[in-house]
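Peer 1: Model the full assembly from the supplied sequences, consistent with the hints where possible.
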Amino acid sequence: MKAYLIKRILSALVIMWAVASIVFFAMRLVPADPAQVVLGDYATEEALKTFRHEMGLDRPLWAQYTEFMAQLARGDLGRSMITNRPIGDQIWALFPYTFDLAISSMLIGAIIGIPLGVWAAIRKNSAVDYISRIIALAGFSFPAFYLGVLLLLVFSVELGWFPIIHQVRTGSPAEHLYKLILPALSLGLIQASYVTRLTRSSMLEALNEDYVRTAFAKGLRPKNVYFKHVLKNIMIPVVTAIGLYTGTILGGAILTETVFNRPGMGKLLVGAINQRDYTTIQSGLMVFAFIVVVVNLIVDLTYCLFDPKVKYE
Amino acid sequence: MKTRQLTHRFMILLAAATALVLLSFPGYSEELAKEQIARLAVDVADIGTVDPHFAVKIGEAPIYRSVYEALLRHPPGVIDIENIQPALAERWEVAPDKVTWTFHLRKGVQWHEGYGEFTAEDVTFSIGRVLDPQVGSPFRKNLAAVERVTAKDPFTVEIKTKSPVPDLPALLVDYQAGYIVCKKAVEKLGKDINFHPVGTGPFTYQSYKPQESFTLAANESYWRGKPVLKKLIISFIPDNSTRELALRNGEVDAINIPAKQEWIDRLKKAGYDVNLTSPANTFVLLFNLKQKPLDDIRVRQALCHAISRQELINFLGKNVAKPEYSPLPSGYVGHTDDVVRYPHDPEKAKKLLSQAGYPNGFKLSMNISNSDIYLPPMQVIQEQWKTVGVDLALNVVDHPTYHKLIRQDANPVIIYGAYRYPLTGNVYLTQFYHSDSIIGKKTAVINFSHYGDALPGVDKYLDDARFDLNVENQKALWVKAQKQIKADAVSFPLFTRLYAMAKAKYLDLGFEQKSQSVYDFRETSRILKH
Chain A
1 MKAYLIKRIL SALVIMWAVA SIVFFAMRLV PADPAQVVLG DYATEEALKT
51 FRHEMGLDRP LWAQYTEFMA QLARGDLGRS MITNRPIGDQ IWALFPYTFD
101 LAISSMLIGA IIGIPLGVWA AIRKNSAVDY ISRIIALAGF SFPAFYLGVL
151 LLLVFSVELG WFPIIHQVRT GSPAEHLYKL ILPALSLGLI QASYVTRLTR
201 SSMLEALNED YVRTAFAKGL RPKNVYFKHV LKNIMIPVVT AIGLYTGTIL
251 GGAILTETVF NRPGMGKLLV GAINQRDYTT IQSGLMVFAF IVVVVNLIVD
301 LTYCLFDPKV KYE
Chain B
1001 MKTRQLTHRF MILLAAATAL VLLSFPGYSE ELAKEQIARL AVDVADIGTV
1051 DPHFAVKIGE APIYRSVYEA LLRHPPGVID IENIQPALAE RWEVAPDKVT
1101 WTFHLRKGVQ WHEGYGEFTA EDVTFSIGRV LDPQVGSPFR KNLAAVERVT
1151 AKDPFTVEIK TKSPVPDLPA LLVDYQAGYI VCKKAVEKLG KDINFHPVGT
1201 GPFTYQSYKP QESFTLAANE SYWRGKPVLK KLIISFIPDN STRELALRNG
1251 EVDAINIPAK QEWIDRLKKA GYDVNLTSPA NTFVLLFNLK QKPLDDIRVR
1301 QALCHAISRQ ELINFLGKNV AKPEYSPLPS GYVGHTDDVV RYPHDPEKAK
1351 KLLSQAGYPN GFKLSMNISN SDIYLPPMQV IQEQWKTVGV DLALNVVDHP
1401 TYHKLIRQDA NPVIIYGAYR YPLTGNVYLT QFYHSDSIIG KKTAVINFSH
1451 YGDALPGVDK YLDDARFDLN VENQKALWVK AQKQIKADAV SFPLFTRLYA
1501 MAKAKYLDLG FEQKSQSVYD FRETSRILKH
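Order-wise, the sequence lines are chains A and B.
Residue numbers for the first sequence follow the numbering used here, beginning at 1 and rising by one.
Residue numbers for the second sequence follow the numbering used here, beginning at 1001 and rising by one.
Source of the hints: derived by calculation from the structure; they are not laboratory data.
Note that the structure is predicted; figures quoted are calculated from it, not measured.
Check each hint, because a few of them may be wrong.
Claimed, not checked - Calculated lysine-lysine pairs in the BS3-like style (CA-CA distance at most 25 Å, straight line):
(1) A:49 <-> B:1529
(2) B:1057 <-> A:49
(3) A:179 <-> B:1209
(4) A:49 <-> B:1441
(5) B:1404 <-> A:49
(6) B:1098 <-> B:1404
(7) A:7 <-> A:311
(8) A:49 <-> B:1442
(9) B:1475 <-> B:1269
To be verified - Non-contacting residues of chain A with respect to chain B, defined by C-beta distances greater than 10 Å in every case (computed):
(10) 9
(11) 47
(12) 78
(13) 160
(14) 163
(15) 181
(16) 261
(17) 296
(18) 306
The beta carbon of each residue, even a glycine, is placed where N, CA and C say it ideally should be.
Peer 2: Have a look at this one:
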C-alpha cells in the first residue's frame, strides 16, 4: 500500500510538471500581447513596455519558465498580471464555492443516477427503462448553461422559489445551501445521466453472470441479489466514471458559475483567459489539474472497499 | 331601439374600463420609494481596477464615475465637448500666449473617508501621476502636450503646454486622464487604491466582493448636494440571459444589454426604458495600400461599390447601427458628409475590377476576430463581395489575437471599431490616417493602411489643424482631410454601433442617458415609488 502510494504520488508529480509545461508554452504560442489586452487600445508604446518589464514578459522564455517552475516548487502561485493580487489568495478565496458545486453535483449525480440505472436494468425494456434512457440521452446532449437558464426560468422567474442572482458571500450556511440547489442541479442532472447509463449497462452485464443465476437458484430474494451482490460488483466502473468526470464537472462549473452568477474558480479562469492573464491561467490550471489527479487517486484507493480482491502493491 | 341603448351602455362601460386600466397603469408619481437603493448589473465577471487612470473595462466605469470627479465635466449623461461645465474647478482661462491655462479651484470640497480638503496639490499630483512613465497609465498620451503643472496657491493651478492645445479643457473632464485622485489616499493605500477608490464624487466606497458586486454609499457631504440614493450596488453578471432575468425579476433596476434589435424590442415591449447611446464604436474597413491588388485604387473603389451599408444595417438592426459615410464619424467636431460616397453599385464594381485587370475577380484572405461585433458584419461583406467575384476567405482567430495580427501588418483588409476622445478630427483622423501612426513605426497607432507613406496622405492638414486655436480653421482643415481620404478610397466607413442599456421606469436618473456605455448615477438619481 505504502509503495503503491509513493509510486502514485511520484507519477502525479510528473503529470503536474507536464501540465505546467504545456500550459506555460501553449499560453505563449498564442500571438496576443497581454500588455495590449490589459492596457487597451489607448496604451502608448512606453506604457506597454513598462508593463511588459514589470511582469517580466520582456525576459527570455527560458528565464520565465525556470522562474515559474521554481515558484511552483515553492508552492507559490505568483501574482496576477492584471490585478497584482496574489493568485493563491484569490484561488483560496474562490475554491470553496467551486468545491461545493463540484461535490454537490457529484452527489446528485450518484443519488439519482445509481438507483435509476439499477431500476432501469431490472425492468429492462419496460416504460421505466425507456423513460430513463430518453432522459439520460437528453442529459448527455444538454449543455450545462442551457439547462441552467431553463432552471432559472422555471424556479426563479415562474415559481419565484429562488433568486436569479446567486451571490453567496453575505449569507448564512443555510442560505449558502439554498443558493447551491439550482447550480448543483444544473450540473448534477447532467452528471446523473452519465451515471444512469453506465449503471444500467454494467448492471445488465452483471445480471447475466453465473453468480447471479446461482444466487437466484439458491432462492435469495431479488432485493438481496440486486443490492448485496450485483450492485457491489458494478461499483468499480461506476465510481471510476464519477472520478473521471471530475474534469467534466470542473469544465461545466465554468458555465454554471457564469449563468448563476456564483463566484468560483471557473469564472476566474475565463476572465483570466480573456485578459491573457498568463500567471492566473497557469496557476488556475495547475490547481484544476491537481484536483483531477487527487480525485482519481482517491477513487483508485476506494476500489478495495468494493472489491476485497484488489490489493495495492 | 333596445339594441342601440345596449350598445350605448356597452360603449360607456368600455370607456370607463379603459379609463380605469389607463389610471391603474404603472405610471410613476414623483413620490419617492422608501428604499433608496439602486442596483445595476454590468456584463463583466469581475473588475480589474477602478483606478480611473487605469480602468478600461466597461463594468468598471459606473464605479469610478460615481466616486471620482475632474476639474471640469460633461453635462450629466452626455458627452458634449462643446458644452463643458465646471466641476472641481469653478472657472478657467487661457493667457494670450495660448499655452498658459489657469484653473481656479472650488474651496471646501472634502475627500471621502476623512482624507481632508481637496487642494491644488491633488491636481498637480494627479496630472503628474498620469504623465509619469513609471506609473504607466494607458492614458498618458492624452496629456502628453502638458509641459508643467504648478500650484500657484492652494486653490489655483497653472498648466503650461508645450504648444497650443485647443482641446485642453476637453482633456480635463471626467474621462480617462482628466480624473483627479487624492494624493494622500493614493500614497497611503498603494495598490489597494485599485479596489478602494477615494474621490470627491456623490458616492463613496463601501465594499467590494470579488466576482460578485461593488457597493457604494451616498456621500452625505457631497458639494453639489446630498444624493437622494442611499446606496448603489453594482453586480457583475457576465451572462446576458441571467442579466435580463435579474432585471425582469426585479432583482436589479438597470442592466447593459447586447446592442441587438431583438433585445431592444423585447425589453421595450416588456415596459422597460431602453437607452441607445453614442458616441460609440464606429466600424470602418481599412485597405492595406501596400498589398496587391489593393494598391490599385480601382480595386479599392470596386470593393467600396460592392458593399451595401443598408443591408448591413438591416442585418444589425435599425435602432442599433447608424450609417457612416465619412472617415470622421458623425458627432465629431469637424465632421462632413460631403465626401465621395461610393454608393452600392455591383455593376460599376465589376467594371472597375475589369479595368484593373480582374474581370473574373480575385481571391483574398484575411484574419478576423471571433468577436460577435466583428465577425458577423465581415461575413455580410464577404457575401456582398462574392457577387462581384471577390472571394474573401476569413481566417477566424480570437479577439486579442486579431489585434496582435493586424498590428503586424498581416491583413490586406482590416475591420476596426473605434471611438476616440475628444470627439474632434484631431485624435481620430491622426490615429487612423497620419503617417506617424502607421503600424510598425515607433510612433505607431492604428494606421493599418500605410496611408501617408504608400500615398501622399493628409499629414499636412492634420498637423496644421492640431495647433490652431481657431475652431473654424480646424474644421476647414479636417473637412479637406476627409475629402482626400475618401477620394483616395483608403477606407470605407460602415456604421456606428450604439451602446444599449435598459432600466426599470421607476429608476429616475435625474438626467437623460445619451452617452456612455453604462448608466451613470448622480446625486439627483432616485427610485420612485412603484
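Peer 1: Work down the list of hints and note, for each, if the structure agrees.
Peer 2: Against the structure, the hints:
1. As the CA atoms of residue 49 of chain A and residue 1529 of chain B are separated by approximately 53 Å, the hinted pair breaks the 25 Å bound.
2. Restraint check for residue 1057 of chain B and residue 49 of chain A: the C-alpha separation of about 21 Å stays at or below 25 Å, so the hint holds.
3. Pair hint residue 179 of chain A plus residue 1209 of chain B holds up; C-alpha atoms about 17 Å apart against a cutoff of 25 Å.
4. Only pairs whose Cα atoms come within 25 Å are accepted, and residue 49 of chain A paired with residue 1441 of chain B is accepted, the gap being roughly 15 Å.
5. Restraint check for residue 1404 of chain B and residue 49 of chain A: satisfied, since their Cα atoms lie roughly 15 Å apart, inside the 25 Å limit.
6. Taking the CA atoms of residue 1098 of chain B and residue 1404 of chain B, the gap is near 39 Å; set against the 25 Å cutoff, the hint is violated.
7. About 14 Å separates the Cα atoms of residue 7 of chain A and residue 311 of chain A, which keeps this hinted pair within 25 Å; it holds.
8. Proposed proximity of residue 49 of chain A and residue 1442 of chain B is supported: the alpha carbons are some 12 Å apart, at most 25 Å.
9. Of the pairs offered as hints, the one joining residue 1475 of chain B and residue 1269 of chain B is violated, with about 42 Å between alpha carbons and a cut-off of 25 Å exceeded.
10. Distance check for residue 9 of chain A against chain B: the nearest CB is about 33 Å away, which clears 10 Å, and the non-interface claim stands.
11. Chain B draws residue 47 of chain A into its interface by the beta-carbon criterion, the shortest separation being 5 Å against a cut-off of 10 Å.
12. The beta carbon of residue 78 of chain A sits about 15 Å from the closest Cβ of chain B, which is more than 10 Å, so the claim that it is off the interface holds.
13. Residue-level check failed: residue 160 of chain A sits 8 Å from the nearest beta carbon of chain B, not beyond 10 Å.
14. For residue 163 of chain A, the requirement that its beta carbon stay farther than 10 Å from each beta carbon of chain B is not met, with the minimum near 6 Å.
15. Its beta-carbon lying about 16 Å from the closest one in chain B, residue 181 of chain A satisfies the requirement of being farther than 10 Å from that chain.
16. Interface exclusion of residue 261 of chain A from chain B breaks down, the closest Cβ pair being 5 Å apart, not more than 10 Å.
17. The Cβ of residue 296 of chain A sits about 28 Å from the closest Cβ of chain B, beyond the 10 Å cut-off, so the non-interface label holds.
18. For residue 306 of chain A, the condition that its CB be more than 10 Å from all CB atoms of chain B holds, with the nearest at approximately 39 Å.
Of the numbered hints listed earlier, those contradicted by the structure are 1, 6, 9, 11, 13, 14, 16.
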